[in-house]
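> Sequence:
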Amino acid sequence: MALAFDEYGRPFIIIKEQEQKNRLRGLDAQKANISAGKAVARILRTSLGPKGMDKMLQSPDGDVTITNDGATILEQMDVDNQIAKLMVELSRSQDYEIGDGTTGVVVMAGALLEQAERLLERGIHPIRIAEGYEMASRIAVDHLEHISQKFEFSLTSIESLVQVCMTTLSSKIVNRCKRSLAEIAVKAVLAIADLERKDVNLDLIKVEGKVGGKLEDTELINGIIVDKDMSHPQMPKHIENAKIAILTCPFEPPKPKTKHKVDIDTVEKFQTLRLQEQKYFDDMVQKCKDVGATLVICQWGFDDEANHLLMHRNLPAVRWVGGVELELIAIATGGRIVPRFQELTPEKLGKAGLVREKSFGTTKERMLYIEQCANSRAVTIFIRGGNKMMIEETKRSLHDALCVARNLIRNNSIVYGGGSAEISSSIAVETAADRYPGVEQYAIRSFADALDAIPMALAENSGLPPIDTLTAVKSQQIKENNPYCGIDCNDVGTNDMREQNVFETLIGKQQQILLATQVVKMILKIDDVITPNEF
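The UniProt record's numbering numbers the first residue of the sequence shown as 1 and each following residue consecutively.
No wet-lab data here; the hints were simulated from the structure. One or more of the hints may lead you astray.
List of simulated lysine-lysine pairs, DSBU-like, C-alpha gap at most 30 Å [said to hold, decoys possible]:
{"hint": "1", "residue 1": "Lys259", "residue 2": "Lys237"}
{"hint": "2", "residue 1": "Lys85", "residue 2": "Lys38"}
{"hint": "3", "residue 1": "Lys257", "residue 2": "Lys287"}
{"hint": "4", "residue 1": "Lys289", "residue 2": "Lys243"}
{"hint": "5", "residue 1": "Lys210", "residue 2": "Lys55"}
{"hint": "6", "residue 1": "Lys214", "residue 2": "Lys237"}
{"hint": "7", "residue 1": "Lys243", "residue 2": "Lys348"}
{"hint": "8", "residue 1": "Lys210", "residue 2": "Lys51"}
{"hint": "9", "residue 1": "Lys287", "residue 2": "Lys358"}
{"hint": "10", "residue 1": "Lys358", "residue 2": "Lys214"}
{"hint": "11", "residue 1": "Lys289", "residue 2": "Lys237"}
{"hint": "12", "residue 1": "Lys279", "residue 2": "Lys261"}
{"hint": "13", "residue 1": "Lys279", "residue 2": "Lys55"}
{"hint": "14", "residue 1": "Lys228", "residue 2": "Lys150"}
{"hint": "15", "residue 1": "Lys348", "residue 2": "Lys364"}
{"hint": "16", "residue 1": "Lys150", "residue 2": "Lys257"}
{"hint": "17", "residue 1": "Lys51", "residue 2": "Lys228"}
{"hint": "18", "residue 1": "Lys257", "residue 2": "Lys289"}
{"hint": "19", "residue 1": "Lys55", "residue 2": "Lys388"}
{"hint": "20", "residue 1": "Lys187", "residue 2": "Lys243"}
{"hint": "21", "residue 1": "Lys210", "residue 2": "Lys187"}
{"hint": "22", "residue 1": "Lys474", "residue 2": "Lys187"}
{"hint": "23", "residue 1": "Lys257", "residue 2": "Lys279"}
{"hint": "24", "residue 1": "Lys388", "residue 2": "Lys187"}
{"hint": "25", "residue 1": "Lys348", "residue 2": "Lys237"}
{"hint": "26", "residue 1": "Lys279", "residue 2": "Lys255"}
{"hint": "27", "residue 1": "Lys525", "residue 2": "Lys85"}
{"hint": "28", "residue 1": "Lys31", "residue 2": "Lys525"}
{"hint": "29", "residue 1": "Lys257", "residue 2": "Lys187"}
{"hint": "30", "residue 1": "Lys358", "residue 2": "Lys348"}
{"hint": "31", "residue 1": "Lys210", "residue 2": "Lys237"}
{"hint": "32", "residue 1": "Lys289", "residue 2": "Lys358"}
{"hint": "33", "residue 1": "Lys287", "residue 2": "Lys228"}
{"hint": "34", "residue 1": "Lys150", "residue 2": "Lys388"}
{"hint": "35", "residue 1": "Lys279", "residue 2": "Lys348"}
Computed from a prediction, not measured in an experiment: that's the story for all the values here.
Work out the full structure: start from the sequences and follow the hints.
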């Protein structure tokens with residue numbers, strides 16, 4: 001227990017049970033923190049770029065995930081160190097805000113920490129390093145704005161949007177189908193986007209998957225797919241001009257709120273009870289028929305008697321449909337969700353041109369397609385694939401592509417990929433460092449060196465000699481005054497990323513630099529780490 005004494009000689013406790021705590025201070029604490037951050041960055045470094053490797057992660061209950069998405073890898077890793085958890089949060093922030101670039105932001109942060117460690121060993125104060133990094137990040141972000149280009153797109157001209165989404169999908173396991181998947185992602189986003197307000201609500205895009213078929217069979221449905229079938233096998237499987245009643249109330253007699261007990265001592269009483277129950281079902285089905293419904297979609301189940309009655313009255317029904325799906329169906333069909341049978345009216349019915357049940361494979365698994373809806377601002381991307389892991393990875397890849405398309409609608413500025421933007425920013429930061437006479441100049445130069453980490457990782461992962469490749473490209477950029485030269489990862493034969501059509505969003509790149517700098521500054525300012533002893 002650490003004691004100190006006040007001016008009257010009275011002891012007071014500073015740290016309770018100090019002998020049971022581990023404590024790191026000063027340079028040791030900073031080095032330990034930097035080491036933890038670098039370790040996380042090293043894990044993700046090999047996953048960067050079109051030739052990046054995938055990681056296989058096994059959860060405690062045996063589920064296996066194969067992915068190269070930075071946010072997913074860090075999310076599923078059982079990270080114990082607090083600084084490593086900060087890196088996980090960093091990747092998550094990039095994922096929430098931008099949706100893409102989750103690996104790059106961690107690699108960038110790791111490189112900044114590595115450079116900071118060298119400066120600390122030379123005796124430079126961590127606050128001066130943090131201030132230098134802040135200045136350098138502003139220079140880099142402004143330079144990205146300077147070299148960015150705006151491109152125009154419309155509902156009829158989507159090629160430029162598709163090219164940017166293809167760059168995102170190039171590094172994924174699904175890259176052999178990147179053209180078709182990019183087109184699906186762009187069409188889905190444009191279907192739900194409000195181009196006047198530059199607003200996109202990705203919740204209106206439902207991504208559904210079914211094992212079987214091949215990746216090329218993935219399609220965009222202008223409507224909603226529900227992983228359910230008709231509640232009775234003899235109900236119609238094909239309904240045209242459907243009027244849909246969307247119910248969140250159970251299709252059964254009401255239950256009393258209080259506990260009750262019914263004594264039935266004769267056959268007549270039992271028959272009366274059964275008839276009363278039957279009448280409830282009868283009235284409910286009749287109510288649906290009276291308002292003109294030709295299909296009932298219910299959030300809850302209903303028993304076999306109600307099911308049988310619905311089939312006899314020629315009223316197809318679907319049960320146990322999730323709340324999120326009900327909302328999407330209501331948006332797509334222009335219907336209203338009805339919480340009580342008494343409130344069901346013809347105005348609250350949704351309308352769809354076609355509702356059909358489709359079966360897949362030899363197992364006869366069925367799904368319900370609701371198409372030709374009154375409001376097309378809700379769509380479904382239906383993924384096919386050889387196994388569950390492939391479908392899950394395709395979902396993650398499509399999420400990145402959808403986010404990129406959304407970001408471009410919000411801000412249609414792009415920079416060129418392949419590490420060209422980082423190399424150009426590195427040159428700009430290095431040049432600007434001469435204008436700062438203080439110690440910060442060292443930190444600004446170190447920031448410029450850290451920016452080279454991403455192109456070096458791209459070269460390394462593509463099997464190229466990293467230092468030779470980087471110096472050659474940097475020299476080419478300076479000689480030709482061309483900020484679009486990058487790493488030729490796919491061995492196309494040209495370094496000019498304009499010719500290779502490798503684009504990235506400006507806001508995604510800027511966010512990467514700003515977030516990485518922010519986290520590194522936070523880590524550098526920690527000089528005392530107190531942790532409980534494990535024993």
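> The structure should be examined with respect to each hint, and the outcome stated for every one.
Each hint, compared with the structure:
{"no.": "1", "hint": "Lys259 x Lys237", "result": "violated, 41 Å"}
{"no.": "2", "hint": "Lys85 x Lys38", "result": "holds, 12 Å"}
{"no.": "3", "hint": "Lys257 x Lys287", "result": "holds, 24 Å"}
{"no.": "4", "hint": "Lys289 x Lys243", "result": "holds, 11 Å"}
{"no.": "5", "hint": "Lys210 x Lys55", "result": "holds, 23 Å"}
{"no.": "6", "hint": "Lys214 x Lys237", "result": "holds, 25 Å"}
{"no.": "7", "hint": "Lys243 x Lys348", "result": "holds, 10 Å"}
{"no.": "8", "hint": "Lys210 x Lys51", "result": "holds, 28 Å"}
{"no.": "9", "hint": "Lys287 x Lys358", "result": "holds, 29 Å"}
{"no.": "10", "hint": "Lys358 x Lys214", "result": "holds, 17 Å"}
{"no.": "11", "hint": "Lys289 x Lys237", "result": "holds, 18 Å"}
{"no.": "12", "hint": "Lys279 x Lys261", "result": "holds, 21 Å"}
{"no.": "13", "hint": "Lys279 x Lys55", "result": "violated, 59 Å"}
{"no.": "14", "hint": "Lys228 x Lys150", "result": "violated, 44 Å"}
{"no.": "15", "hint": "Lys348 x Lys364", "result": "violated, 33 Å"}
{"no.": "16", "hint": "Lys150 x Lys257", "result": "violated, 62 Å"}
{"no.": "17", "hint": "Lys51 x Lys228", "result": "violated, 39 Å"}
{"no.": "18", "hint": "Lys257 x Lys289", "result": "holds, 29 Å"}
{"no.": "19", "hint": "Lys55 x Lys388", "result": "holds, 16 Å"}
{"no.": "20", "hint": "Lys187 x Lys243", "result": "holds, 27 Å"}
{"no.": "21", "hint": "Lys210 x Lys187", "result": "holds, 21 Å"}
{"no.": "22", "hint": "Lys474 x Lys187", "result": "violated, 37 Å"}
{"no.": "23", "hint": "Lys257 x Lys279", "result": "holds, 21 Å"}
{"no.": "24", "hint": "Lys388 x Lys187", "result": "holds, 25 Å"}
{"no.": "25", "hint": "Lys348 x Lys237", "result": "holds, 23 Å"}
{"no.": "26", "hint": "Lys279 x Lys255", "result": "holds, 15 Å"}
{"no.": "27", "hint": "Lys525 x Lys85", "result": "holds, 17 Å"}
{"no.": "28", "hint": "Lys31 x Lys525", "result": "holds, 12 Å"}
{"no.": "29", "hint": "Lys257 x Lys187", "result": "violated, 49 Å"}
{"no.": "30", "hint": "Lys358 x Lys348", "result": "holds, 27 Å"}
{"no.": "31", "hint": "Lys210 x Lys237", "result": "holds, 20 Å"}
{"no.": "32", "hint": "Lys289 x Lys358", "result": "holds, 25 Å"}
{"no.": "33", "hint": "Lys287 x Lys228", "result": "holds, 24 Å"}
{"no.": "34", "hint": "Lys150 x Lys388", "result": "violated, 39 Å"}
{"no.": "35", "hint": "Lys279 x Lys348", "result": "holds, 24 Å"}
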